[in-house]
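Q: Order-wise, the sequence lines are chains R and H. Residue numbers for the first sequence follow my numbering, so the first one is 1 and each next one is one higher. Residue numbers for the second sequence follow my numbering, so the first one is 1 and each next one is one higher.
Mixed in with the good hints, there may be bad ones.
To be verified - The calculated lysine to aspartate or glutamate pairs, modelled on EDC-like cross-linking and capped at a C-alpha distance of 20 angstroms, are:
hint	chain 1	residue 1	chain 2	residue 2
1	H	Lys61	H	Asp13
2	R	Lys57	R	Glu126
3	H	Lys187	R	Glu95
4	R	Lys57	H	Glu144
5	R	Lys7	H	Glu96
6	H	Lys85	R	Glu126
7	R	Lys3	H	Glu226
8	H	Lys187	R	Glu31
9	R	Lys57	H	Glu58
10	R	Lys57	H	Glu80
11	R	Lys7	R	Glu95
12	R	Lys146	R	Glu95
13	H	Lys42	R	Glu95
14	H	Lys202	H	Glu256
15	R	Lys7	H	Glu7
16	H	Lys85	H	Glu96
These are computed hints drawn from the structure, not numbers from a lab. What you are looking at is a predicted structure, and each value in this text was computed from that prediction instead of being measured.
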Amino acid sequence: MGKVHVKMTVNGQEMETLAEPRELLIHVLREQFGMKGPHIGCETSHCGACTIDMDGKSVKACTVFAVQAESADITTIEGIGTPDNLHVLQAMFREHHGLQCGYCTPGMITRAYRLLQENPDPTEEEVRFGMAGNLCRCTGYQNIVKAIMAAAAEMNAAKEAAQ
Amino acid sequence: MIPGSFEYHQPHDVEGAIRLLQDLGDEARVVAGGHSLIPMMKLRMADLGHLIDLRRIEALKGISIDGGTVTIGAMTTQHELIESKMLADAAPIVREAALQIADPQVRYCGTIGGNVANGDPGNDMPGLMQCLDATYTLAGPDGERQVAAREFYEAAYFTAREDEEILTSISFAGTAGGYAYEKQKRKIGDYATAASAVLITKNGGQCASASIAMTNLADTPVFSDEASDALVGTSVDDAAIKAATAAAVAAIDPAEDNRGPVEFKKHVAGVILARTVERAWSRA
């Protein structure tokens, strides 16, 4: 089957490529656009390591075809913060030791980013419910939840200070 | 895991999608949210030549309420069901059930139409739609027709939908009284070991009407008149709940799988149904 022209916005940049319809978005992001932040974990829509933000939704990029992302606005972990300029979530994951091996972390942070957009002041229970699509096999989640709660508090304090 | 090759189509209206189904025949499948079909394609358990994506068809999206009747477009996502204040007011059981489906990422993509049309006994919405006595609208080459959710499911993955038809919307009357959707699952994201939907109305301390349906306990959802009848006219005391539970367990036909043997599933079904009835009654 022939390749199809696909274009999308990734971390604010217009990207385009030719992709077979059967190519999954995660493969195109990683292999053609060089965004190695979103990881390939289970490949079965369970683990959330491949989570990206697509048109304001947290999406498992292993369960979307690249052709379905035509014209989409995508944010990956690379678009959330950089080593020199960490996003609050990234800083809090570091501070609260919200990771061990780090494999799930890009998906965790990308999902938490959207969760806090929708619910800026979540309870611990809401964080756990909202993060249920991301699996971590190291930490037992305690510090991940702590980091997200701390990031929410920090972001709210910054918002208040700005007002 | 990469699926086999296929051609991708993105029609902009229902007529265009039906035309593609007619032209492409057995080789074609429609995809809604894709979170059932794409995993199956990756496992090469679904092999198709043409994928017809419904995502660009605006007419299939959205929730409306008119004169007490709720109509939901097939491409409305679980996330949109959860976020709709209007729907939560008209039929709160839908939100309660949608929150128990899969995980947040899946709910952003998964649609109510895909959930009800796929015919997977593990899906939550078919049982719920039977509880609500919903009606499905199917569009095909000869126009539209309506099928009751209670008549739609024939066997696992076999439904009343013809190959050249698309399920376009779902409608049901807004609910009054108590409601509950309970689901026992091994972990977040799993299908139910047992789940049940209950609607109940109360009049003068007694149950005036009840509707009970169960999920993943047979190769189709199970709506049980007998279980509902066991509650009507009672004060929904322990004896009535026991009778309703016994009637529902008699109506199901679970299969042994990795969620447990038949006896275990019947036991869990009874526990879950009793819990659902109690909670629905407490809200009536």
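Q: Indicate, hint by hint, whether the structure satisfies it.
A: Evaluated hints:
1. H:Lys61 - H:Asp13: Holds: Lys61 of chain H and Asp13 of chain H sit about 12 angstroms apart, inside 20 angstroms.
2. R:Lys57 - R:Glu126: holds (17 angstroms)
3. H:Lys187 - R:Glu95: With a Cα-Cα distance of about 29 angstroms, the restraint between Lys187 of chain H and Glu95 of chain R is violated, given a limit of 20 angstroms.
4. R:Lys57 - H:Glu144: violated (33 angstroms)
5. R:Lys7 - H:Glu96: violated (37 angstroms)
6. H:Lys85 - R:Glu126: holds (19 angstroms)
7. R:Lys3 - H:Glu226: violated (56 angstroms)
8. H:Lys187 - R:Glu31: violated (32 angstroms)
9. R:Lys57 - H:Glu58: Holds - the C-alpha atoms of Glu58 of chain H and Lys57 of chain R are around 18 angstroms apart, at most 20 angstroms.
10. R:Lys57 - H:Glu80: holds (11 angstroms)
11. R:Lys7 - R:Glu95: Violated, at roughly 37 angstroms.
12. R:Lys146 - R:Glu95: holds (10 angstroms)
13. H:Lys42 - R:Glu95: violated (38 angstroms)
14. H:Lys202 - H:Glu256: Judged against 20 angstroms, a Cα distance of about 37 angstroms means the pair is violated.
15. R:Lys7 - H:Glu7: Holds. Lys7 of chain R to Glu7 of chain H sits at ~18 angstroms (cutoff 20 angstroms).
16. H:Lys85 - H:Glu96: This hinted pair holds, its Cα atoms lying about 12 angstroms apart.
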